[in-house]
Amino acid sequence: MDFSFSKDQEQLRKAVREFVEAEVAPFAAKWDEEDICPVDVFKKMGQLGFAGVFVPMEYGGAGLGYTERAIVLEEIARHSAGLAMFLMTHHLGVAAILHFGSEDQKKKYLPDLASGQKIGALAVTEPTGGSDLSGHQSTGEQVEGYWVLNGRKCFASNSHVAQVTVVTVKTGTDQKGRPALSAFIIESDNPGLTSGRKENKLGLRVSTMGDLVINNCKVGEDSILGGEGKGQRVALGIISEVGRAGMSAISLGILRGCLEEMVKFAKERKLYGKPISALQAIQFSIAETRIDYEAARLLTYNALTLKDTNQRCDVDLAMAKYFSTEAVIRAAKRNIENMGGYGVINDYSAGRFMRDGLAGLPSAGASNIMKVIVAAATLA
Amino acid sequence: MKALKMVVCIKPVPSPDQYHHVSIDPKTKSLIREGIPTIINPLDKNALEAALQIRDKYGGEVSVISMAPPAAEENLREALAMGADRAFLISDRAFAGSDTLATSMVLASAVKKIGPADLILTGNESADGGTSQVSAQLGEWLGYPHLMHSCGIEVLDGGDSLRVETHRDQARVVYIMKMPGVVSVIRSINKPRFTSLMGVISSRNKPLDTLSSLDLLLDKAFLGLEGSPTKPGDIYQPDLTRRCVPLEGSTDDVALALIQKLRAAGLQL
Chain L
472 MDFSFSKDQE
482 QLRKAVREFV
492 EAEVAPFAAK
502 WDEEDICPVD
512 VFKKMGQLGF
522 AGVFVPMEYG
532 GAGLGYTERA
542 IVLEEIARHS
552 AGLAMFLMTH
562 HLGVAAILHF
572 GSEDQKKKYL
582 PDLASGQKIG
592 ALAVTEPTGG
602 SDLSGHQSTG
612 EQVEGYWVLN
622 GRKCFASNSH
632 VAQVTVVTVK
642 TGTDQKGRPA
652 LSAFIIESDN
662 PGLTSGRKEN
672 KLGLRVSTMG
682 DLVINNCKVG
692 EDSILGGEGK
702 GQRVALGIIS
712 EVGRAGMSAI
722 SLGILRGCLE
732 EMVKFAKERK
742 LYGKPISALQ
752 AIQFSIAETR
762 IDYEAARLLT
772 YNALTLKDTN
782 QRCDVDLAMA
792 KYFSTEAVIR
802 AAKRNIENMG
812 GYGVINDYSA
822 GRFMRDGLAG
832 LPSAGASNIM
842 KVIVAAATLA
Chain P
1367 MKALKMVVCI
1377 KPVPSPDQYH
1387 HVSIDPKTKS
1397 LIREGIPTII
1407 NPLDKNALEA
1417 ALQIRDKYGG
1427 EVSVISMAPP
1437 AAEENLREAL
1447 AMGADRAFLI
1457 SDRAFAGSDT
1467 LATSMVLASA
1477 VKKIGPADLI
1487 LTGNESADGG
1497 TSQVSAQLGE
1507 WLGYPHLMHS
1517 CGIEVLDGGD
1527 SLRVETHRDQ
1537 ARVVYIMKMP
1547 GVVSVIRSIN
1557 KPRFTSLMGV
1567 ISSRNKPLDT
1577 LSSLDLLLDK
1587 AFLGLEGSPT
1597 KPGDIYQPDL
1607 TRRCVPLEGS
1617 TDDVALALIQ
1627 KLRAAGLQL
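Protein chains in written order, with this note's numbering: chain L, 472 to 851; chain P, 1367 to 1635.
Next comes chain P alone, as it looks inside the complex (with noise of 0.2 Å):
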């Protein structure tokens, strides 16, 4: 069986304890995240599981990137702590506020520098943005075949292809993918592991190393926010405030009542 080099990509993504703590720019409409804790957003930790899983059964290598502040060094360190092998913070003043296609431009550019892949990992999206583009879109760039919503991945012909298990609203697709290829995966795919002191130990001595757009020769127009095609638009909070609304008349009335105002509110009955 070949030993697979694998790259795993994650973001940090506002601790939810921290939430209260978000706030949202007016003016850029993007979050204001500086200052809040991050965890590593969790579905990127199942593709770290699957990687490592892979990895623990057929041998090779596991690398983790993040595009991502300096602070992301710590979450960097944590999945070196979880049994990662290698990590790279790509980080630089303009790449901030990049949308998913810059995001996507710039870790491809980073696989690329780091080396071969055959496999490339993400989490099927962030529990902060929730686009669920990022992977495709690296795909794309890097001119791999890509697939979503994976909940099982087996290695077969001795590490060249991978069966893929994907999970649709009411059945399962079985891919078979040809190596080197991106698959981003979705919470049922395994639980992963916890971290072992041993793990935190160990992650002093593994590298991590800090790529920037100078290292990467990306050209600064199609980065950070003046290279992004797409800008959010608004980001409000909805009205939620409870409002008792008594009804009053015979029971057939009110019942009568109770169902207009239910599919007025969108309810369909």
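Bound-form chain L, shown alone (with noise of 0.2 Å):
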């Protein structure tokens, strides 16, 4: 079993960390500390490919893999988890609509998508829940010709930054009487959709979070996604592949740069006339450090090699998404411990990967939905 990446993607990782050093890496402290989301950014890395790396040549993407988007997503995440996380929900809209759109529907958003000109976003979760999708109580209803939808969603990421949106309303009740939701496109010039409350988030703050405030949003038959009373399917395919990809490639970058900030502090570090690198309890917690972004590595790449083969993937993402994430908490712990009193000064960014690790727990599916869906796996 060959584990390597080819020479394309290592050469692809060392183009987005070229740019990840010049154009993140000095900023993102300030980022974080300030909440900007830096749109501008974004444009740039749209330019380079970023914004539309899974997305098909034909529709002006780069026309690659989720794994390479995961290599972006953890280059990225090194330094800025949450500009890593803005780019990452960007990519759930594209993605609902490359894999559930219409030929005219692709035609239409995904080119200015992938190029970075527009920004996505998916909004699926309601003051109801975000694991029960059967809460929902925002509701679409036809009519003269059109859908109407009221609601409001929560904690929508790019909520206040996103020129196309897909959102999830109720539109009616299944064969068993269960609320049967569908997936519509909104743009952000129509008036029915509005940006509510901006979330003050512990972590991941570069990456906006708010309330959608969905009044009488009027749109277009070519505005619902997958077919009615797809929604459902629609969200959890995006959320349980992409979004769970996602958040595991960010973990790993987050994870990485614990490592490297623990390594390089203990070198430098001196402590009884050497560096505490000597110390058998700081080597070890460098190696359970080591050990969790290995694993995580590994259970994380190989999901998406089984979603680039057209394998079934979910359980496989479920375990890196839930592994990774817990990892990243662990990892950032010790790296704050080993730093001591430095661990705890902002100016360092130990407490920065503490906060983007545990603000990335509860995205895409909690740690324990995690366990529920690989025990049903596991069990069936």
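In case anyone wonders, no lab produced these hints; they're calculated from the structure.
Examples of chain L residues toward chain P, derived with CB under 10 Å:
#	residue
1	K478
2	E481
3	L483
4	A486
5	V487
6	E489
7	A493
8	E494
9	K515
10	L519
11	V543
Beta carbons are placed, not taken as given, at the ideal position from N, Cα and C, and that holds for glycine.
Take the two lone chains, each set in its own frame, and fit them into one complex as the hints suggest.
Quick look at the structure:
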């Protein structure tokens, strides 16, 4: 079994890293502290192909796969997990249209989304819950040849910056009487969709998150995505694969950041006349972090290999997401502990790694939900 | 406007984050580079960007060449991914240890081999050797006019000449240079573009060929360490040990002693 990346993938990683070290790393702390969402950087990323990594070339994308997407996200997250989250959630909107859209919808939306000229989003969660889609309160009804949507979304990433948002609303009931959801594409110039409250997040601050207010939002029949009643399939399909893959990749970036910072500090900090890297307790924590990173990496890229070869991967992605996001918390804690007093000073990235890790835990499904998925598959 | 054929010389140099792994051969006094990850010499990227900007504006072709070990194929692929049209790796064991004269001779032979070039661009110096000699020597070998320290290039006369702005300590000097010619560039000339994902994909299908000393019909007597008229004298790391020397006495005595010590260390006060 060959777990190495191809030469092209290594070259791609190098290209992304070069951009990140020049255009992201110097500003990451400031963006986090001031809660800045750098839309100008997103545009640059779009020109380099990051916004449409997995979109086929015929729609203006780079024509690569989800493995390459993960490499891009990991490299960005090494320095700014928030910016990676911004890009990741844009990808959710892109993927929804790519995998469930009609040919006309793909031709209309994907070129601008893939090039970064427009920002995408997928808004599913409501105050009634994110894991329980059947609790949706937002509705859509047909009125004189149009759909009129009403409701509210919360914890919607890219809420205040997206130009193309995919939302899910209840449009009826299925044969068993359960709520049937439909997905709609809404553009930001639609007066019926407005941004509400912007959240002041603990972590992943560079990525905007907030409410979306859907108030008599009138859209045409051509806005429905994947067909009437297919909204749950759209939401779960995209979140369970594209979302969890993205969170795993972002977690890899944070893990690598923790590891590199731990090694650097351990070599530079001297106690008892020598670097603390000579102390076994420090060595053990670095080893544990390295093992966490390598295990998360293997789980993530193995799952993505399955996805890129069109094999079932939902359980593998649930495992990768669970392991990698939880590993970030362990690694970030070790990093802070090793740094002593310096670990709680905001001039250092240790605190940001922990906050970003904590904010990543509930994204694309909480850890307990991942365990439910894995258990169900294991017990089947 | 005539579409220009341009050649950019690039050199792989040790990656800065690997400097602590670079060592010096005590016998040959040259850097031991084997196994050290490399990057394209930063100023050569500025040179490549200058060529790409000319091509993007006026049309033409950009070839990159590198006299280097086989591992430099990766650096050439990167140049192709940035936008170069074709690449040539000039590689042969016989080249090892070449000084700037031997290197520039090989590069000149390669330029003649791959076809007529209107403009040859290089970085002003490399991040490792830093001699700043190759571009001028290249011009001499080819019999072309050559300019260094360029911070601005503009194509004139339908592609027959260039306006080259060069940087001096206290001024800028502008030259009009008839092509073909050789120009070396400094950092302020431009900001090299980042490599896009699409560039990485398209680089796979661009031609990358290898040329050896046989392909270039070079006499081995003028190549490598043995064929190089200059040899490194010595390379050593200066003593950077910190010492704390207390100065005692009155304030005036201490001030005077400090000035004397600083002057002895070479500061002009």
